[in-house]
Structure formats: C-alpha cells, structure tokens
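With these hints in hand, go ahead and build the complete structure from the sequences.
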Amino acid sequence: MEAHYPAHWEADVVLADGGTAHVRPIRPADADRLRAFYSRLSAESIYFRYFGPRPKLSDREVAFFTNVDYVDRVALIATIGTEMVAVVRYDRTAPGEAEVAFLVEDAHQGRGVASVMLEHLAATARERGIETFIADVLPANMKMMGVLRQVGYTAQSRFADGVVRMTLDLTPTETSDEVTASREHRAEARSIARLLTPGSVAVIGASREPGGVGQTVLRNLLAADFTGPVYPVHREVRAVAGVRAYPSVKDIDGEVDLAVLAVPADSVIDVVKECAEKGVRGLVVVSSGFGETGPKGRARQDELARIARAYGLRVVGPNCLGIANTDPAVRLNATLAATVPGRGRVGFFSQSGALGTALLQRVAQRGIGISSFVSAGNRADVSGNDLLQYWEEDEATEVILLYLESLGNPRKFARLARRISRRKPIVVVKSGGTTQGVPIGHSASALRLPDSALSSLFDQAGVIRVDDLIQLFDVGQLLACQPLPAGPRVGLVTNSDALGLLAVDACVSAGLEPRPPVNLGAAAGAQEFGTALAGVLADPDVDAAVVIYMPPIPGDSASVAAELVRVSRAAGKPVLATFEGQLGMPAELRTDPAALPERGSVPSYAAPEEAVRALADVVRYALWRKQPAGAPPELDHIDTASARALVAQALTHPPAEPAASPEGTAAEAPELPGQEGSAVGPVGTSAEVAGSTGQEGSAAGPVGTPAEVQPEESPRADAGPVEIDPTELLACYGLTVWPAEIVQTPDDAVAAAERLGWPVVLKAADPEAAKRAGTVRLGLTSPAAVRQAHADLAGQLGADVVLAVQKMAPQPAVPTVVNVLEDPAFGPVVSFGLGDVTARLLRDRGYRLAPLTAEDAAGLVRSVEAAPLLFGEYGYPPVAVGALQELLVRVGRLANDLPEVARLDLDPVLVGESEVFVLGARAVLRSPEGPRRDGGPRRLA
0 MEAHYPAHWE ADVVLADGGT AHVRPIRPAD ADRLRAFYSR LSAESIYFRY FGPRPKLSDR
60 EVAFFTNVDY VDRVALIATI GTEMVAVVRY DRTAPGEAEV AFLVEDAHQG RGVASVMLEH
120 LAATARERGI ETFIADVLPA NMKMMGVLRQ VGYTAQSRFA DGVVRMTLDL TPTETSDEVT
180 ASREHRAEAR SIARLLTPGS VAVIGASREP GGVGQTVLRN LLAADFTGPV YPVHREVRAV
240 AGVRAYPSVK DIDGEVDLAV LAVPADSVID VVKECAEKGV RGLVVVSSGF GETGPKGRAR
300 QDELARIARA YGLRVVGPNC LGIANTDPAV RLNATLAATV PGRGRVGFFS QSGALGTALL
360 QRVAQRGIGI SSFVSAGNRA DVSGNDLLQY WEEDEATEVI LLYLESLGNP RKFARLARRI
420 SRRKPIVVVK SGGTTQGVPI GHSASALRLP DSALSSLFDQ AGVIRVDDLI QLFDVGQLLA
480 CQPLPAGPRV GLVTNSDALG LLAVDACVSA GLEPRPPVNL GAAAGAQEFG TALAGVLADP
540 DVDAAVVIYM PPIPGDSASV AAELVRVSRA AGKPVLATFE GQLGMPAELR TDPAALPERG
600 SVPSYAAPEE AVRALADVVR YALWRKQPAG APPELDHIDT ASARALVAQA LTHPPAEPAA
660 SPEGTAAEAP ELPGQEGSAV GPVGTSAEVA GSTGQEGSAA GPVGTPAEVQ PEESPRADAG
720 PVEIDPTELL ACYGLTVWPA EIVQTPDDAV AAAERLGWPV VLKAADPEAA KRAGTVRLGL
780 TSPAAVRQAH ADLAGQLGAD VVLAVQKMAP QPAVPTVVNV LEDPAFGPVV SFGLGDVTAR
840 LLRDRGYRLA PLTAEDAAGL VRSVEAAPLL FGEYGYPPVA VGALQELLVR VGRLANDLPE
900 VARLDLDPVL VGESEVFVLG ARAVLRSPEG PRRDGGPRRL A
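In numbering that gives the first Met the number 0, the protein residues as written are 0 to 940.
In short, the hints are calculated from the structure, not lab data. Where is the CB? At the ideal position from N, CA and C, for every residue including glycine. There could be a bad hint or two in this list.
[What the hints assert, rightly or not] With a cut-off of at most 30 Å between alpha-carbon atoms, the simulated DSSO-like pairs for lysine-lysine come out as follows:
1) 249 - 295
2) 272 - 295
3) 277 - 295
4) 423 - 625
[As the list claims (entries may be wrong)] Pair ranges (Cβ atoms, derived):
5) 266 - 557: 54 to 62 Å
6) 28 - 326: 42 to 50 Å
7) 272 - 622: 50 to 58 Å
8) 418 - 166: 26 to 34 Å
9) 298 - 156: 43 to 51 Å
10) 162 - 266: 48 to 56 Å
11) 526 - 592: 17 to 25 Å
12) 418 - 7: 23 to 31 Å
Encoded structure:
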C-alpha cells in the first residue's frame with residue numbers, strides 16, 4: 000500500500016435501501032477493477048459523465064484515473080464484494096477550489112451511493128484545504144444536479160454554453176447536517192427492517208440432532224408460524240424437522256432474505272460469501288467461537304463484519320440469541336428461545352445472548368407484549384444504535400428497553416436518544432457500572448469516563464437509566480400502558496395504613512410529592528375503591544395515583560380490578576397498583592382480560608415501594624420531555640477562525656521545553672480534573688466555609704504546569720500533547736482569564752501588586768506545591784503585607800519557591816470548577832462542580848456533551864448536589880448563575896469547535912453576585928488521530 004495512502008478515509012456505509020458498501024480511496028491496483036466497472040456502464044451514463052461517447056478507457060486514462068496524489072487529485076470508489084460500483088473524484092483547479100465529478104454503475108443508481116460518496120469526498124476536500132466544489136453538468140443530467148442540490152450545502156448554478164455550472168460551498172451548514180442525519184436515519188432503519196421483516200428465512204446448519212442450535216432455531220421458526228418459506232440447509236440430509244433441506248444456500252430455488260447461521264465458527268466466513276452470492280439481504284449468526292474465545296476468535300469476528308459489510312449485508316451477532324418480530328404479518332422467531340412474548344408495544348434489545356432467554360421469559364411472565372426483539376451478542380455489526388433508528392420509525396413500538404453491556408459509539412447513542420426520547424421513552428440498564436469494562440468479545444472499548452458521567456449524559460439525552468432488570472421491566476410496563484404524568488404529585492388509595500405509610504415514605508425518598516393517603520379499610524370493595532380513586536384523580540393537585548389493594552382475607556378482587564381499570568381509563572392520569580402482590584400485567588387489570596394488555600391496563604407491583612420507584616423514574620422523564628429541546632445559542636464575541644489558527648500554531652511549533660509531569664496525559668486520564676488532588680485552602684480558612692473566595696486553591700492561572708495534565712514524551716507537532724497558555728484561546732470565545740504574575744522576590748511581588756491593583760493574593764505558582772495546606776495568602780492590602788506573606792511562604796516552601804500574585808476577586812463569591820475533556824468515545828465533554836474541598840472529595844460533578852444548549856447549561860449547574868449553594872441557601876449569597884451558565888455554553892462551543900483541545904481546566908471559576916471570574920486556566924492540545932466517532936460523513940462504527 001502506498002506510504003501516503005489515507006487509510007482513515009476508508010469507511011463502511013449503509014445505503015439508502017439498507018444495503019452496505021465499502022468506500023475507500025482509489026489505488027493504482029484498481030486498474031482492472033476500473034476497467035470492469037466501466038464496461039458495465041450504459042452509454043447514457045458515459046455520455047453524462049464525459050459529454051460524449053467513450054466506449055472504453057485507454058490505458059493512459061486508466062493510469063491517470065487510478066494514480067492520484069490524495070491532495071490535489073483525489074478519487075474515492077465504492078465497492079460491493081470485489082466489484083467497483085461507483086467512483087467520485089475531485090481535481091484542484093485553484094487555491095481552495097476543485098472540480099468534482101462522479102459516476103455510479105447503472106445497476107446501483109437510486110440506492111443513495113452518490114449522496115454518501117459526495118459526503119465523504121467533501122470531508123476529504125475540507126481536510127485538504129478545499130472550500131468549494133465546481134461541477135459542470137449537462138442540463139439533461141437531472142440526477143447529478145439533484146444530488147448536488149440536495150446534499151444541503153450552499154449551492155449556486157448558472158447556464159452557459161450548453162452546460163450548467165454548479166458551485167458548492169463545502170462549509171457545513173445546519174441544513175447539510177440535517178440532511179446527513181436524515182439520510183443516515185432512513186438508511187439504518189431500512190437496514191434493520193430488512194432483518195426483521197424477511198419474506199423468507201434459511202437456517203444454515205440445521206441438523207437432525209435433537210437440541211442442536213440449528214434445529215432449535217428451525218423449530219422455533221416453524222412453531223411461531225412464520226409467514227414465509229423456511230429453508231433448512233444441511234450438506235448431507237434431505238429433510239430436517241419434516242422440511243426439505245438443501246445442501247447449500249445457493250441451491251435454494253427461491254429468494255432468501257434472511258439467513259440464520261448455526262455452523263462452526265471456522266466455516267462462517269465461507270457461508271457468508273455463499274449467502275452474498277445468493278443475494279441474501281441479512282445475517283443472524285448464532286454460532287459461538289468468536290471474540291469471546293480470545294484474540295484468534297476476535298480476528299475471525301472482525302473478518303466476519305468486514306466480509307459481510309463488503310458484500311452488502313448487515314449482521315446480528317455472532318454468539319447471539321437471535322431476533323424476533325411479533326407482527327402478525329411476519330411472526331418471526333429466529334431465536335434459540337422457545338418462549339417469545341406476544342404482540343405488544345415494547346421494542347427490546349439485549350446484547351447478551353445467554354441472558355436473552357431469561358429476559359424473554361420474564362417479559363412473558365409479566366404479560367408484557369413486545370413489538371420486536373434483537374439479541375446482538377458480540378455486536379460485530381448491528382448495535383443498539385441501529386435498533387434505535389428502526390424503532391423510531393416503527394409505529395408498533397412505543398417504548399424502547401435496552402440491556403447494554405457496552406457502548407460502541409456513545410456519542411451517536413446520545414444524539415439519537417436525545418431525538419427519539421422526545422417521542423418515545425428509552426429505558427436502559429447498563430451493566431459494568433463499577434468497572435466500565437465490557438465483556439470479552441464485544442466490538443467495543445471500555446469507557447473511560449466514570450459511571451456518574453455516563454448517568455449525567457443519559458440524563459441530558461432524556462434516557463431513563465435504571466439499576467437492574469427488575470426496574471427495567473417495572474418502568475417498561477408502566478410506560479407501555481399508562482399516560483405520562485404531568486408532575487410529581489401523587490395520590491394514594493389504600494386499604495392498609497401500614498402500606499400507605501410505606502408508600503408515602505417511598506414517594507418522599509424518590510423526590511415525589513405524596514398527598515395524604517385515602518385509607519378505605521380492610522373491608523373495602525369495588526365501589527369504595529372506584530369512588531375513592533375517581534375522587535383522587537379528579538383533584539387538580541394530583542398528577543398520578545398509586546392504588547394498594549392487599550385484602551387480609553380473599554374478596555371479590557375481579558370486581559375491584561375492573562373498577563380500577565374503568566376509572567383510570569377515563570382520567571388521563573397514570574394509575575399504578577400493588578394488587579394482591581401480583582407483578583406485571585395481571586389479566587384482571589387489563590382492558591380486555593382475554594387479550595394482551597393495551598393502553599389503559601393497570602400495571603401491578605409486588606410492593607408499593609417498587610411502584611413508587613417506577614413512577615419516580617417516569618415523572619423525571621416526563622418533566623424532561625416537557626422542557627424545550629433547545630439548540631446551542633448564537634453567541635457574540637466568537638472568533639473560531641482565530642482560535643483554530645492559535646491551535647494549529649501551537650501544535651506546529653510546540654514549546655521547546657514542556658514542563659515535566661509525574662504521570663499521564665490529558666487524553667489518557669480516566670477522569671476529568673477537579674475530582675481529586677486539586678489544590679485547596681488551608682484547614683480552617685474560608686476555603687471551607689460560606690463566602691469562600693475561591694482563590695485559595697488555584698495556581699497562578701495560565702502560569703505554571705497543570706497538576707494533573709502532563710505529557711509522557713516531548714510534544715510532537717503531529718500528535719502532542721502540547722501544554723499551552725489558554726488565555727488567548729479563551730479570549731476567542733469571549734472569556735477572560737483573571738491575570739496573575741510570576742514573582743521571584745518580595746520586591747517583584749510588590750511591583751506586581753501595584754500593577755494589578757490592590758488588594759491581592761500571593762500563592763504558590765506550582766500546582767504540586769499549591770496542593771499543600773497554607774500555600775496562599777489572601778486580602779493583602781499593602782506592600783508590607785505582601786513582603787511578610789512572601790517571607791512566610793518562602794520559609795514554608797523553600798527559598799527557591801515560585802510564587803504568583805493575583806488581584807483579589809470581588810467578594811462574596813462561590814468557587815466552582817469547569818473542565819473539558821476530549822473523550823475518545825464521547826467526544827467533547829464539559830463537567831462542572833463546586834470548588835470547595837468537600838465537593839472535590841465527594842466528586843460531586845455533573846457532565847454534559849458539547850455543544851451545550853441554554854437548557855443543558857442550566858441542567859448542568861443544577862445537577863450537582865451542592866447546587867443550592869449557588870442559589871442563596873445555607874448562608875451562601877445568591878450569585879450570578881446566569882453568567883455561569885453562559886460561561887458553560889461558551890466553553891462547550893470551544894470544546895465542540897476544537898477537537899485538538901484534549902483537556903481544558905478552568906479552576907477556579909468564581910461566581911460573584913453579578914459576573915464570573917476565571918482565576919486559573921490550563922490546557923493541553925493533541926492532534927486528533929481522525930474524525931470524532933460521530934463526526935464527519937456517515938459511516939458504520
């Protein structure tokens with residue numbers, strides 16, 4: 000491969016019809032592939048491309064087209080299998096300008112190939128400094144003009160000399176981003192629809208062995224009464240389970256939409272290629288022996304995904320339970336589970352194959368119906384993100400339940416979830432919260448942010464995160480059958496004082512607002528419960544109701560249940576029950592006891608506390624959904640171009656002598672700064688009480704070395720890390736760093752104080768020294784006080800200590816800490832917490848993905864436990880929270896604009912009565928290795 004071949008431009012992409020293709024730069028070795036591609040083109044396609052007939056390409060033309068420099072001349076090709084199906088190229092014609100053209104094989108036109116390739120070519124062009132594409136198009140070539148106009152860039156066209164010249168400004172716009180997201184959504188949703196709505200299924204590896212994996216899938220397909228033909232594939236037998244068998248998938252007479260692979264792992268790749276030759280549209284690999292077995296199996300798993308995508312196939316698995324669709328028009332049970340719940344409104348995704356059977360049994364036992372189910376296993380290809388795209392469009396799915404063991408593209412998950420949660424609730428159990436590890440074999444990396452950060456980011460996206468599978472189903476059954484509550488006020492109807500009190504306590508603990516329970520007594524029957532519940536639901540100060548029916552002796556429970564259902568259906572408010580301790584959707588609490596639960600059925604819980612816990616989760620979700628979605632606001636005093644120039648200059652010409660460090664780099668730190676090891680004030684000083692100045696714990700702002708951010712090696716222009724003084728960078732985003740000056744002698748300190756203005760602070764400039772107690776002197780108002788403070792600190796820290804002078808910030812104020820981390824999985828993350836020692840020790844921090852909306856910033860400030868201190872409680876003064884929120888939005892904008900900012904620490908940020916003051920700032924830059932996980936043109940992870 001060529002030394003300068005840009006491998007990071009390669010990508011697997013999903014086409015508009017749900018198939019896949021591989022996009023990569025062209026190479027000289029593609030000469031024969033180009034000739035074969037050209038031979039399959041129609042005369043019309045050639046005419047539109049070259050403005051005249053050209054039956055074949057000469058050797059010279061082939062050499063010209065396949066030999067490019069990947070800078071001024073770039074060509075990308077799309078391949079499916081071993082064949083080239085499209086090519087798109089640009090040739091630089093002037094500084095910042097290039098001519099573009101593309102050609103798609105006739106058989107693949109209309110599949111969205113040109114659109115996705117144009118996205119990728121535009122990204123490569125921007126990387127090479129090209130800002131404008133020019134295309135000359137024949138007026139009759141409406142397809143190409145449509146592609147160029149519909150991509151979403153600013154486009155202009157003019158007609159001259161029989162040709163339409165189109166000019167595209169490649170600067171991404173809100174419209175181009177929306178077009179890309181919309182195309183991605185439709186394509187990925189269709190790719191999953193092809194899997195879940197097949198017209199025919201082949202089970203490859205279906206043997207006669209009782210209990211065998213292949214035979215189990217086959218029998219489950221037949222037992223579910225799948226609506227299409229089922230084809231067992233076995234190389235030696237004539238029939239399996241009474242159904243004619245075929246020696247190979249290629250020998251099947253009819254079309255095959257879905258193939259379930261239950262063959263030994265070392266045979267899977269060959270079978271995938273046979274399926275591709277047959278024209279199979281999707282694969283479910285239940286076979287084990289892949290990534291979960293070690294490096295050799297992982298290599299086999301990666302090859303499975305690569306081969307399948309190259310041939311246009313999506314893959315569920317390997318090592319998975321399978322997929323199911325309860326739609327009566329499909330009736331698909333291509334799983335190893337004999338029990339699949341009936342038709343319902345819940346889409347269910349589980350990464351674990353082993354756990355999937357137990358989960359489906361639990362769902363069925365509770366009486367919850369599902370719309371569809373996917374077990375992704377090792378998730379070599381299809382992931383939870385793909386299912387989110389599908390379920391967003393699926394009218395049969397109203398609630399989404401996810402059991403996640405890993406997150407392959409967390410930033411994309413957050414983007415999709417934030418959009419989908421506005422219409423459909425998403426409930427998640429994420430395992431591995433303690434270690435953030437992933438199961439062996441998963442095609443995903445361990446997350447490096449703490450689990451608390453993941454919870455914060457779920458909150459930002461409106462995702463309901465629960466702790467375990469019991470809570471997953473508790474919340475799911477409520478969402479599937481009852482309306483969302485308007486608020487946190489809860490009415491209680493009970494026949495037990497003790498259980499009523501338990502429910503009240505649970506409500507208070509969960510942040511709900513319970514009304515006094517209506518206790519009907521042990522002998523209450525249907526009429527009493529119906530009247531009481533109707534009265535509670537009619538109260539305008541009640542948003543939801545919990546009914547507790549636990550009779551000490553058996554009664555007419557069916558009548559009570561029917562009355563509860565009747566009253567609740569007419570109220571438009573959610574009703575939950577603890578009904579005789581039953582769990583799930585009991586038949587008597589359904590709108591039709593003889594059918595699966597519909598909207599209006601009342602969910603039941605084993606104990607009132609469980610009902611209240613589920614309700615509290617749904618209340619928080621409902622309140623999030625009522626908030627405006629918002630968008631990152633327009634900000635003044637933003638100079639992105641200058642900021643990018645500063646970053647580029649710093650990375651190209653790093654400091655000659657970067658400061659030494661004890662360990663790690665910003666990009667490698669597992670947690671955001673401000674959580675531990677930060678400098679704090681001396682014990683007993685105002686750093687620990689209300690009215691803290693916040694200047695006790697910072698080093699000298701841009702002066703000195705970050706205590707927690709150091710390079711392992713000398714900064715390199717191509718990679719970093721490079722420490723910089725971020726004062727100028729922050730100024731590009733309208734943020735000012737409070738000035739500080741390094742001083743060596745008492746006279747230097749006095750002179751600095753005169754320049755900065757009295758009163759001043761004198762403190763240790765070295766962050767390591769600043770961690771020690773007593774390394775700061777506050778409120779110095781005279782030269783004598785400065786000299787005495789200098790002598791004290793020199794005596795404490797050593798005569799050669801480096802000190803800094805900083806003007807004393809206005810008081811009263813509350814110290815806070817704002818950080819940015821460029822996380823490899825999530826992208827830019829902004830964190831916030833208070834700056835006092837207690838908040839640091841307790842790691843009381845909130846997190847949000849950048850860029851931030853105004854609503855995000857407000858939520859981030861209020862997400863920390865110590866937030867009341869910013870609003871005038873516990874003796875602290877009310878401070879300028881609005882100014883703090885604007886600072887967070889600006890920092891989020893910086894983080895989103897500049898992926899080179901590996902880490903940025905603003906510590907402390909003093910929040911005063913009318914404005915905020917950045918007293919310390921530290922930054923580390925690093926050249927990105929490639930585009931962000933959810934940035935750039937569409938691609939499969």
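Within 30 Å, alpha carbon to alpha carbon, are residue 249 and residue 295? 29 Å, holds
Problem set entry | residue 272 paired with residue 295 [C-alpha distance capped at 30 Å] | Measuring from Cα to Cα gives roughly 20 Å; hence the hint holds.
So if I understand the rule, the pair passes when the alpha-carbon distance is 30 Å or less; does residue 277 with residue 295 pass?
OK: residue 277 and residue 295 at ~28 Å, within 30 Å.
| task | Hint says 23 to 31 Å; check whether the CB-CB distance for residue 418 and residue 7 agrees. | result | Roughly 27 Å apart at Cβ, these two residues keep to the hinted range, so it holds.
Exercise for review: With 26 to 34 Å as the target window, see if residue 418 and residue 166 comply at their CB atoms.
Suggested key: Because 32 Å falls inside the window, the suggested range holds.
Does the beta carbon distance between residue 526 and residue 592 stay inside 17 to 25 Å, or does it fall outside? About 20 Å separates the Cβ atoms of residue 526 and residue 592, which means 17 to 25 Å holds.
Check your understanding: Between residue 162 and residue 266, does the beta-carbon spacing fit 48 to 56 Å?
Key -> 55 Å, holds
Is the hinted pair residue 423 and residue 625 satisfied, with a Cα-Cα distance of at most 30 Å?
Within the cut-off at roughly 13 Å; holds.
For this session: For the range 42 to 50 Å, tell me whether the beta carbons of residue 28 and residue 326 fit it or not.
Result: 46 Å, holds
Review point. For the pair residue 298 and residue 156, does the Cβ-Cβ distance stay inside 43 to 51 Å?
Key: Once the Cβ atoms are compared, 49 Å apart, the range 43 to 51 Å for residue 156 and residue 298 holds.
Distance restraint hint 50 to 58 Å, applied to the beta-carbon atoms of residue 272 and residue 622: 52 Å, holds
**Request:** State, for the Cβ atoms of residue 266 and residue 557, whether the hinted interval 54 to 62 Å holds or is violated.
**Result:** 56 Å, holds
The structure agrees with every numbered hint stated previously.
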